[in-house]
Amino acid sequence: ETITKLAQTKGINVGFDLAHAAGNIKLKLHKWGVDFAVWCSYKYLNSGPGSVAAAFVHERHHNSDLIRFAGWWGHNKEDRFKMPDNFNPIQSAEGWQLSNPPILSLAAIRASLSIFDEVGMDKLVSKSKELTNYLLYLLNTIDTDRIEIITPEERGCQLSIRVKNGNKKLFDIITEKGVIADWREPDVIRIAPVPLYNSFEDVFKFYSIIKEVI
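Final position of the sequence shown in the working numbering is 294; the numbers increase by one with none missing.
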């Protein structure tokens, strides 16, 4: 919100890449006055690789002359098939759509979002903080200089762990032991206890494995 307000005082439209935020932290894009945002749905929204992306466009831009890629799926539904000469966009973020979405991908994201609706982001964020703080606490009890947590305090559920000397062998070992994590060159393991399906027991198991192999 602070970044948005500061930039807009200089006449700058503000957009955000929320790939690692959607489904991970609470977002209030309209309240914050964000001009636009985009995100994928295959990470924390659980729809799988190749699934549909999403966008937010603030309502103040719905009637604007902003340059856009104009596609028939974003044309007003009332006369879409009358093939008018001029593009008449839907007065919402739908107006930025290009073509019809893949149905099977929509089925996956719809199933996932129904769970989010049922549980609610407040509960998910609360559990996420507890899981991540528990993981942080456990990792800090390990007496070693081989790993370092480099994630800032303002975060979602992911922790980035820097491995001394960029030794990927540690990542390979925890993978063999059943941990689904992420290696990012040159020296980072990314681990994310996700509140929808990870437990405190999962966190402790990961800690136990890391402690053992170090």
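By construction, these hints were calculated from the structure, which means they are not laboratory data. Because the structure is a prediction, the values reported are computed rather than measured. Worth double-checking, as some hints may not be accurate.
[Said to hold, decoys possible] As a list, the in silico EDC-like pairs of lysine to aspartate or glutamate whose alpha-carbon atoms are at most 20 Å apart:
#	residue 1	residue 2
1	K111	E210
2	K249	D202
3	K248	E198
4	K285	E198
5	K207	D282
6	K123	E292
7	K106	E198
8	K249	E265
So, going through the hints one by one against the coordinates:
1. K111 to E210: Judged against 20 Å, a Cα distance of about 26 Å means the pair is violated.
2. K249 to D202: Judged against 20 Å, a Cα distance of about 38 Å means the pair is violated.
3. K248 to E198: violated (39 Å)
4. K285 to E198: Given that 20 Å is the threshold and the Cα spacing comes to 28 Å, the pair is violated.
5. K207 to D282: holds (13 Å)
6. K123 to E292: violated (29 Å)
7. K106 to E198: holds (15 Å)
8. K249 to E265: The given pair, whose Cα atoms are some 13 Å apart, holds under the 20 Å limit.
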